[in-house]
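**Q** Each chain is listed here by its residues.
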Amino acid sequence: MSRLNKLLPGRASQLAALFAVGGALGATAMLAVKYVAVDKLDVVDRKRTVARVVATVDRNAPLTVVATEGDWIKVEVNGKQGYVFGQTVSDQPGGKSQGVALSKVKSGKVQELEQAAAVRGLGAGAKQYASAGGLSTTGAEEMFRRRDGITAAEFESFLAAGGLPGGRVAAEPATTNDALAAAPKQAE
Amino acid sequence: MKTKRKSIWGMTAVALGFVVSFGTTHLACSKDGSGPDFSGLSKIAQPITSAVGGAAGVDSRITDSALAAAKYLDGVSIGPADEDGMGQAVSVSITNTYPLTKDVALNKYVSLVGLTIVNASDRPVGNWQFGVLETNEVNAFAGPNGYIFVTRGALVKMDNEAQLAGVLAHEVTHVLHHHGLEGVRKDVSVDLAKDLADIHLKDPSGTGLVRSLGTPTVVKVAKSGYDQGQELDADATAIELLVAAGYDPNGLPQFLAKLESAGGGAFSTHPGKSDRIAKARSQIARLGNPKGKTLADRYQKNVKLK
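Chains as they are written, first to last, in the numbering used here: chain C, 163 to 350; chain P, 4 to 309.
Just chain C, same shape as in the assembly:
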């Protein structure tokens, strides 16, 4: 501070110091934050459907954005880093879950419903449905166990062994027009 005082007299040095501090604070504030837009969200260790859960967060929890990687966002929460799928977070904290009006549901053009939250097991509604109909919940509960039993390593291994990319492949057009010429003409 005193060195600065020698270079810039009085008030100017104070302002310079303020800018320096403010600049540092500003840099931190510039890191983007996303807010969880579903009731319950798993932050996972890779950009895959089957992945290890790093943290589970509730609606409106703030997540610090580390990077954007395609449709996924790398975030930091509670000191841990992981990925979330873009559609599950938003720029502003929101209200309750957004539904779609039943009267507006139309074939092929369904008004997009909010991404559903992470589901942990059979809910009260399904249990009520089962007991009202004298049905067993064993099979439905076993479905959850079987899904939980699939590890990220198994999924990676499955993709690799099958030569499957694990991302989204864009359709490559044929190099000649023979295929297109051979395609049956269809009235749409």
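For the record, the hints were derived by calculation from the structure and aren't laboratory data.
Only a predicted model underlies this, so the values are computations on that prediction, with no experimental measurement involved.
Certain hints may be false.
[Said to hold, decoys possible] Here are the simulated SDA-like cross-link-like pairs (lysine to any residue), alpha carbons at most 20 Å apart as the crow flies:
1) P/LYS304 <-> C/GLY325
2) C/LYS266 <-> P/GLU140
3) P/LYS307 <-> P/GLU140
4) P/LYS105 <-> C/ARG308
5) C/LYS202 <-> P/ARG126
6) C/LYS289 <-> P/ASN99
7) C/LYS289 <-> P/THR220
8) C/LYS236 <-> P/ASP125
9) C/LYS258 <-> P/GLY82
10) P/LYS226 <-> C/LYS236
11) P/LYS111 <-> C/ARG309
12) P/LYS304 <-> P/THR104
13) C/LYS289 <-> P/PRO219
14) P/LYS294 <-> C/VAL331
15) P/LYS294 <-> C/GLY329
16) P/LYS111 <-> C/ALA322
17) P/LYS111 <-> C/GLU303
18) P/LYS105 <-> C/THR300
We have chain C; now place chain P onto it with these hints.
**A** For chain P alone, kept in the frame of chain C given last:
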């Protein structure tokens, strides 16, 4: 007093039945034949129920509730949690109709294929479950929010992993495009509207309405099949998903072609199957006949046919 009230209720029920059926029939034939559109019902219901109510001196809660029920249906909003509840009910229903396979390794293989498709979709996160059902019926089922089943009977028909992936991609699309919800909307009928009036009396907030009425409907839709438009939509997106996931997209029309002569099961009774196959092949050609994996060996190894 009690007797008088009873007969008034009876008269009102008949009158409301007339109102509702008239309203429904009048509005039933939407241009694309997609089923009853209830959005205008409340407009018709209001003057008639008021007249009935006035003339019979009936308890206005009854006429009000019919109107409220109609208005409620106009704007009933189904959220992700409601959809998941319906899907769970489908899962409960399906696993009580057919036994879930005890072959955990087989179920895991089928799940991995399904999850590979999901991984390449617009919704790679959230609930996605796959189960194999021990029945010779050739069939597959999808409940809202990702509860998907395929039968051993269907697996027996398949030659390779791309064909399995095609069937699962088709079911995944029913979920992605919320076809179960659409089935609930389309199934709304005279009886349902009468039930609405009755339920509204007991539960004015209507919060249980979607679950109590929508759930049995969606289970029925999931089990009996979706309509032709939804099936074609599911085929078209399935082709895209197969390509995106790295599978040979011909897997889907190949599987459909196998069923042309087979009897029984939802797949073979879908109307216009030849049309579906032709459309699928045409779409694949328009995409430039993309190459993809068939993985016949892996399929044969994991799905040991009896």
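**Q** Confirm or reject each hint.
**A** Hints versus structure:
no.: 1; hint: P/LYS304 <-> C/GLY325; result: holds (16 Å)
no.: 2; hint: C/LYS266 <-> P/GLU140; result: violated (35 Å)
no.: 3; hint: P/LYS307 <-> P/GLU140; result: holds (17 Å)
no.: 4; hint: P/LYS105 <-> C/ARG308; result: holds (11 Å)
no.: 5; hint: C/LYS202 <-> P/ARG126; result: holds (15 Å)
no.: 6; hint: C/LYS289 <-> P/ASN99; result: holds (13 Å)
no.: 7; hint: C/LYS289 <-> P/THR220; result: holds (17 Å)
no.: 8; hint: C/LYS236 <-> P/ASP125; result: holds (18 Å)
no.: 9; hint: C/LYS258 <-> P/GLY82; result: holds (10 Å)
no.: 10; hint: P/LYS226 <-> C/LYS236; result: violated (39 Å)
no.: 11; hint: P/LYS111 <-> C/ARG309; result: holds (8 Å)
no.: 12; hint: P/LYS304 <-> P/THR104; result: holds (17 Å)
no.: 13; hint: C/LYS289 <-> P/PRO219; result: holds (14 Å)
no.: 14; hint: P/LYS294 <-> C/VAL331; result: holds (11 Å)
no.: 15; hint: P/LYS294 <-> C/GLY329; result: holds (16 Å)
no.: 16; hint: P/LYS111 <-> C/ALA322; result: holds (16 Å)
no.: 17; hint: P/LYS111 <-> C/GLU303; result: holds (15 Å)
no.: 18; hint: P/LYS105 <-> C/THR300; result: holds (12 Å)
Going down the numbered hints, you'll see the structure goes against 2 and 10, while the others check out.
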